[in-house]
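Peer 1: Sequence:
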Amino acid sequence: MRTTMKDIARECGVSVSAVSLALSGKAKKGRISESKMEEIRQTARRMNYYLNSAASDLARGQSRVIGMVINDIRNSHIAELDIAISRVLQTRGYSVVNHILHDQKEEEQEELVQRIAAGNLCALIWAKPFEPAKIKENQRLYEIIDSLDIPVITMDAYEFKSDGLNICYDYEKAGYLAVNYLIGCGHKRIGCIAGNQEYRVTRDRMAGYRKALEEAGLSFDDKLVYSGDYTMESGSQALSYLMGQHVTAIFAMNDEMAFGVYRSARNYGVRIPEDLSVVGCDNVPFAEVLEAPLTTVGVPAEQMGIYIGQQLCTAIEEHPASMQNQQGKPRKTVYYQPDLYVRGSVKKIRIYE
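For the sequence shown, numbering that gives the first Met the number 0 assigns the number 0 to the initial residue and increments by one for each residue that follows.
Misleading hints may appear alongside valid ones.
Stated by the list, open to error - Taking lysine-lysine pairs in the DSSO-like style, the calculated list, with each CA pair at most 27 Å apart, reads: (1) Lys347 <-> Lys210; (2) Lys172 <-> Lys35; (3) Lys346 <-> Lys222; (4) Lys346 <-> Lys187; (5) Lys160 <-> Lys331; (6) Lys172 <-> Lys346; (7) Lys5 <-> Lys172; (8) Lys172 <-> Lys187; (9) Lys133 <-> Lys187; (10) Lys346 <-> Lys210; (11) Lys160 <-> Lys135; (12) Lys222 <-> Lys210; (13) Lys210 <-> Lys133; (14) Lys172 <-> Lys210; (15) Lys187 <-> Lys222; (16) Lys133 <-> Lys331; (17) Lys135 <-> Lys331; (18) Lys187 <-> Lys347; (19) Lys210 <-> Lys187; (20) Lys172 <-> Lys222; (21) Lys347 <-> Lys222; (22) Lys160 <-> Lys187; (23) Lys35 <-> Lys5.
Derived by calculation from the structure, the hints in this document are not laboratory data.
Full structure from sequences and hints, please.
Peer 2: Structure (structure tokens):
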């Protein structure tokens, strides 16, 4: 049977209100002696009693629960961000609840967001990739989010009207850095494993890929682009196709797909980087431990996560005053710049090869 405050009060010979004040840290000096408060705390610990902060918050009309909507927790980059964000928020007394919103139909997405809205949240992290072509289709979804009247931090440049800010990084520059490096190493026939074509991140990284080719005087060839979905499996499937196009290098739009290339390369006896050079994107933790450490482009995910957590705490504490100041103004967007991490997955070849 679950221990109650009454059980602790009976054990310590005090009132229930004294137990509540002692455990919440709100006992006024002199009302309960320090020794008695310590006895109450020790008794609660011994009897495995924990203050139900969620119930207390609900009674005061407050919440310390933050929702986080993500596309796919299997992506190591998102998982690293999630961990960093959660660490900051948990030290400040908040709980984070993750919700997966992937390929559901429009009405299913709305239903899920409405359930999230009914969860008495104090803030929301919207970490789904932005899909420019679906702005009208998702309009109702965005209206529901804006109507929550809570701070919302996004992981892309969404045009929400709610309090909060957009945190993202220069996706186009990431694609440009990756392909420009391969060109600088002598590669001319460079394959690309793209992600979901509806995501802005995909379109921007593709723009960077094309820009690097154009600057080098190389023609864009759509036969060298394989449409993946940011999973390792799609990276595995891409290898045989791109090798059939006689590429000497591959730019994978995220590290998960690059890992898939490595997996298939072992099965086909393709050596990296001797037979094929590979560059990824995101710089996830596993990139350095491969047999040929992966050259990749990324941002400091942990640093971003810490910043997001800190900014969210500030937004919660300043809301709704900051919301009044926000009215009629565009949301602030903070951009992180990507860096190239050169490792052992790219072979320098002679220009005439």
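Peer 1: So, for every hint listed, does it hold in this structure?
Peer 2: Against the structure, the hints:
1. Lys347 <-> Lys210: holds, 21 Å
2. Lys172 <-> Lys35: violated, 62 Å
3. Lys346 <-> Lys222: Roughly 23 Å separates the two Cα atoms, so the pair holds.
4. Lys346 <-> Lys187: holds, 13 Å
5. Lys160 <-> Lys331: holds, 11 Å
6. Lys172 <-> Lys346: holds, 22 Å
7. Lys5 <-> Lys172: violated, 61 Å
8. Lys172 <-> Lys187: holds, 19 Å
9. Lys133 <-> Lys187: Given that 27 Å is the threshold and the Cα spacing comes to 35 Å, the pair is violated.
10. Lys346 <-> Lys210: Cα-Cα ~22 Å, so holds.
11. Lys160 <-> Lys135: holds, 16 Å
12. Lys222 <-> Lys210: It holds: about 17 Å lies between the C-alpha atoms, which stays within 27 Å.
13. Lys210 <-> Lys133: Holds, because 26 Å separates the two Cα atoms, which is no more than 27 Å.
14. Lys172 <-> Lys210: Within the cut-off at roughly 9 Å; holds.
15. Lys187 <-> Lys222: Holds: Lys187 and Lys222 sit about 14 Å apart, inside 27 Å.
16. Lys133 <-> Lys331: holds, 22 Å
17. Lys135 <-> Lys331: holds, 22 Å
18. Lys187 <-> Lys347: Satisfied, since the Cα-Cα distance of roughly 12 Å is no more than 27 Å.
19. Lys210 <-> Lys187: At roughly 14 Å apart (the allowed maximum being 27 Å), Lys187 and Lys210 satisfy the hint.
20. Lys172 <-> Lys222: Cα-Cα ~23 Å, so holds.
21. Lys347 <-> Lys222: holds, 24 Å
22. Lys160 <-> Lys187: Cα-Cα ~45 Å, so violated.
23. Lys35 <-> Lys5: Distance ~16 Å between Lys35 and Lys5 Cα, so the pair holds.
The structure is inconsistent with the numbered hints 2, 7, 9, 22, although it conforms to all the rest.
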